[in-house]
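Engineer: If you want the building blocks of each chain, they are given just below.
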Amino acid sequence: MIQLLSNHFGDILVLLILGAVVGGILARMIRGKGKHSCCGSCQGCSRSCPCHQEQD
Amino acid sequence: MQIRIALAGNPNSGKTTLFNILTGSNQYVGNWPGVTVEKKEGTLKGHPDVIIQDLPGIYSLSPYSPEELVSRRYLVEDHPDAILNIVDGTNIERNLYLTTQLIDLGHPVVIAVNMIDLVRKQGDSIDLEKLGKALNCVCVEISALKGEGYMEAAEKAVELARNHVHGEMPHVFNGSVEHALAHIEESIEGKVDSNYLRWYAIKLFERDELVRKEVGLSEDLLDHLEKHITDCEREMDDDAESIIADQRYTYIGNVVSRAVKRTASQHAMRLSDKIDRIVTNRILALPIFVGVMFLMYAIAMGSYPFSIGTMATDWANDVLFGRWIPGLLDSCLTTLGVSGWLYGLIMDGIVAGVGAVLGFVPQILVLSLLLSILEDVGYMSRVAFIMDRILRKFGLSGKSIIPMVVATGCGVPGILASRTIEQERDRKITVMTTGFIPCGAKMPIIGLFAGAVFGNSPLVAVSAFFIGVTAVVASGVILKKFKSLAGKPAPFVMELPAYHLPSARNVARATWQRGWDFIQRATTIVLLSSIVLWFLQSYGFVDGVFQAVEDNNISLLADVGKAIAWIFYPLGWMGDMAWKATVATFTGLIAKEQVVMTFGTLYHYAGELSEAGNEIWSMVAADFSPLRAYSFMIFNLLCAPCFAAIGAIRREMNDRKWTVGTIAYMCAFAYCVSLVVYQIGGLFTGETSFSVFTLAALAVLAGFAYLLLRKNRYADTPVKIGVS
Numbered sequence: 011m012i013q014l015l016s017n018h019f020g021d022i023l024v025l026l027i028l029g030a031v032v033g034g035i036l037a038r039m040i041r042g043k044g045k046h047s048c049c050g051s052c053q054g055c056s057r058s059c060p061c062h063q064e065q066d
Numbered sequence: 005m006q007i008r009i010a011l012a013g014n015p016n017s018g019k020t021t022l023f024n025i026l027t028g029s030n031q032y033v034g035n036w037p038g039v040t041v042e043k044k045e046g047t048l049k050g051h052p053d054v055i056i057q058d059l060p061g062i063y064s065l066s067p068y069s070p071e072e073l074v075s076r077r078y079l080v081e082d083h084p085d086a087i088l089n090i091v092d093g094t095n096i097e098r099n100l101y102l103t104t105q106l107i108d109l110g111h112p113v114v115i116a117v118n119m120i121d122l123v124r125k126q127g128d129s130i131d132l133e134k135l136g137k138a139l140n141c142v143c144v145e146i147s148a149l150k151g152e153g154y155m156e157a158a159e160k161a162v163e164l165a166r167n168h169v170h171g172e173m174p175h176v177f178n179g180s181v182e183h184a185l186a187h188i189e190e191s192i193e194g195k196v197d198s199n200y201l202r203w204y205a206i207k208l209f210e211r212d213e214l215v216r217k218e219v220g221l222s223e224d225l226l227d228h229l230e231k232h233i234t235d236c237e238r239e240m241d242d243d244a245e246s247i248i249a250d251q252r253y254t255y256i257g258n259v260v261s262r263a264v265k266r267t268a269s270q271h272a273m274r275l276s277d278k279i280d281r282i283v284t285n286r287i288l289a290l291p292i293f294v295g296v297m298f299l300m301y302a303i304a305m306g307s308y309p310f311s312i313g314t315m316a317t318d319w320a321n322d323v324l325f326g327r328w329i330p331g332l333l334d335s336c337l338t339t340l341g342v343s344g345w346l347y348g349l350i351m352d353g354i355v356a357g358v359g360a361v362l363g364f365v366p367q368i369l370v371l372s373l374l375l376s377i378l379e380d381v382g383y384m385s386r387v388a389f390i391m392d393r394i395l396r397k398f399g400l401s402g403k404s405i406i407p408m409v410v411a412t413g414c415g416v417p418g419i420l421a422s423r424t425i426e427q428e429r430d431r432k433i434t435v436m437t438t439g440f441i442p443c444g445a446k447m448p449i450i451g452l453f454a455g456a457v458f459g460n461s462p463l464v465a466v467s468a469f470f471i472g473v474t475a476v477v478a479s480g481v482i483l484k485k486f487k488s489l490a491g492k493p494a495p496f497v498m499e500l501p502a503y504h505l506p507s508a509r510n511v512a513r514a515t516w517q518r519g520w521d522f523i524q525r526a527t528t529i530v531l532l533s534s535i536v537l538w539f540l541q542s543y544g545f546v547d548g549v550f551q552a553v554e555d556n557n558i559s560l561l562a563d564v565g566k567a568i569a570w571i572f573y574p575l576g577w578m579g580d581m582a583w584k585a586t587v588a589t590f591t592g593l594i595a596k597e598q599v600v601m602t603f604g605t606l607y608h609y610a611g612e613l614s615e616a617g618n619e620i621w622s623m624v625a626a627d628f629s630p631l632r633a634y635s636f637m638i639f640n641l642l643c644a645p646c647f648a649a650i651g652a653i654r655r656e657m658n659d660r661k662w663t664v665g666t667i668a669y670m671c672a673f674a675y676c677v678s679l680v681v682y683q684i685g686g687l688f689t690g691e692t693s694f695s696v697f698t699l700a701a702l703a704v705l706a707g708f709a710y711l712l713l714r715k716n717r718y719a720d721t722p723v724k725i726g727v728s
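Chains as they are written, first to last, in our numbering: chain U, 11 to 66; chain D, 5 to 728.
It is possible that part of the hints are untrue.
[Unchecked claim] Residues from chain U shown here face chain D by an in silico Cβ test under 7 Å; the list is partial:
#1 ASP21
#2 GLY33
#3 ILE35
Worth flagging that the hints you see were computed from the coordinates, not collected in a lab.
C-beta atoms are modelled at their ideal positions from N, C-alpha and C, and glycine is treated no differently.
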C-alpha cells in the first residue's frame, strides 16, 4: 500500500485535487439548481436570478 | 383590526423608494399567484396593524399586461381600505391618468405628489388644494428620495381608511358618455359589488373582455348595452375605448391647467429631446444604429490596433493559455511524475478546452463594457423605439426588441423577458426567435473564426449580429402568416428615460457580472465537458479492443461524430473536419462556449504546440475555408440554443409541442440558411460545382421567398391577451 502510494504519489495528488474541483462544481450545480430551479441558467450563483423566482 | 393600504402608481414614479421608507425592513417579497410578477407587502413603520401592499408599476387598469391585471384584480377583489397613489410631479399629466381610474374604484384615495423638489427646481408649482378639489381627493406633496412628507401621506391614507371616507367622484366624462354609463350601471345593479358599480360600468362601456366574462351578462342584456355604446360611438365618431381615454385626458388637462403653474416654456426642449431628434430621426436612426453596432464590435472584436478586445484576447490565447499556464502545469506535473494519461487529461483536455474559452474573456469584457455603457446612457431604449417603426411594417411589435436586446448578453433572460409582451402570439414568436440573436456565449465562436480565418475583421461580428436580426424579422414575417400565430401587432408604448452620463459604478458592476458569468460557465460546465470530451477522443476501439488511441480520428468521439456528420455534408462540412465540426456543434447544446472548447481540445490533441502556441487557430484555418467557416458559424449562431435556453423556452411556452416545434424550427432555419450560403456562395468562390445540393439550395431560396411574400390571410385576426 505504501509502495503503491509512493509510486503513484503524483497521480494520487493530482486526482485528489481534480476530484475536489469536479466534486465542488457538481455540488454547486446541484445545490444551485435546487434554489433556482426556474431556469437553472444562473446555477445558483449569487447574482440576481433572471426570472426572480425561488423554488417553493 | 388590520388596515390594508394599496400603493399604486406609474413605473419610475418613486413607488419602490416610498414603499421601502414606509415599511423599512418589515417587508415580504414573493410572487402574485399565477403570474411571475413580484408581490411586495410590508407593515407601516409605527403601525403594526397597517399593511402596505405595493402594486406593480402600471400606467392604467386596462387588461393588457400581467401587471395591470394583477393590480386591478387586487383592487377589486381584495378590497383595500385605501389607496396611496404616488404621482410623479414632473410628469403629472401622464400620472393622473391612472389616478382617474383609481378614483373610479370608489376607494378612499390619497394622492402623494412625489419629486416635489424637482418640480420646484424646474421653477414650477403645484397647488395641492386646487388639485385636491378638482379630483375630490386629499393631495400631499412628498419627496420620497429626500424623505419628506412620506409619513404624512401614509397617515392621511390610514385616517381615511379608518373612517371609510372617500370623496364624491369627479365628473370626468361628458353628457353622452355619462348617459351610456348610467344605463349600464342600471343594468348591472345587483350583479356586481355596488362599491364598484361605476368601475364595472366604465369597463363594460370599453368592452373589456375580462369584465364581460366576469359579470356574465345575458346575450340580450349585452345587446341592449351594445346599442347604447354604439350610439355614443356614432355621436362622438370614435370607438368606446378611445372616447374614455380621450375624455380622461381632456379632464386631466383642465385640472392641470388650474392647479399647475409652469414657468418654463412648454415647448422648451430638454437636452435628451434634442439628442433624440437625431438619434430617433426617421432617416438617420437606422444608419446611426448600424454605425454604433459596428463601432462596438470593432472595438471589442476587430483588428489591430483599433480593437482592445482582440489585442487582449490574442495575448490571453498566445501567452497566458498558450505558454504561461501550460508551461507552469507542465513543470508541476513533470516534477510530480504523473502518468501519461493524467498528463494528457490535464494538458490536452482541461487546459486546452477551458483555455480556449477563457482566452475570449477580454473580448467578452470589452463587449460587455460597451453594451453596459449604451444601456446606462439610455441608448438601448431608443433601439427598441427605432426597431418598432421598422418591425411594424412587417407586422411585428417593437416590444419584441427588448427581449432581443437582453439576449445580446444571455439568451435565457432574453427569452424570459418575453413575458412583457401582452399578446400571446407575439410572445410565442418572440420566444421562438430570440435565440437567433448572438449571445455572449456565441461570441467566442465568432471570435474564433474572425481571428483564425478572417484576419480579425470586425465585419464578421457585425454581420453575425445583423444576420440574427434579419433572421428574427424574416421569421416574424413567415410565422405571422400561420393561423396559430397571426394577429395585429400590439401598440408599443415605452418610456424613454432621459440620457445621462454613464455611472461608472453601474457600468463596472454590469460588466463584471457578465464577465463573471462567462468565467463561471467556463470553469464549471465547460471544465466538466472537457474532461468527458478528452476521454472520448483519447480512447477508441482498435481491432475490436478498447484502448488509448494516438490519433483522435479513430477515437470513440470520431466514431460518434462520423456516424452523424453526413447530415452536414451539404453545408460544406467535409473530410476530417466534418466529424470535429459535428461534435463541436452538438457540444454547443450544453453551452455555446463549448464549441470553441471542443475545437481547442480536438485540435490541440492533433498537433504539438510551438513557442507561439497559436497553431490551434492555424489548424482550424487549414480545415475551414472562409466560406465553410462562415457556413459553420451561421449554423451555430442560428440553430437550437443551449440546454438552459431550451429550458427557458419550455417554461415560457408551457407546452411540449410548442417547445419541440421551436427547436425544430430553429434547426431547420439554421440548416437552410447555411445550405444556401455554402452552396450558392460556393458557385462564386469555385468551392462547389452545380449539383443536387445546389438545386436544394435554390429550392430553399424559392421557399423562403414564397413564405415571405405570400399574402397573409390572417392579418386581421383579433388578438388575445394571456396571463401565464
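Engineer: Each hint: holds or not?
Structural biologist: Hint by hint, here is what the structure shows:
no., hint, verdict
1, ASP21, "holds, 5 Å"
2, GLY33, "violated, 11 Å"
3, ILE35, "holds, 5 Å"
In summary, the one numbered hint that this structure violates is 2.
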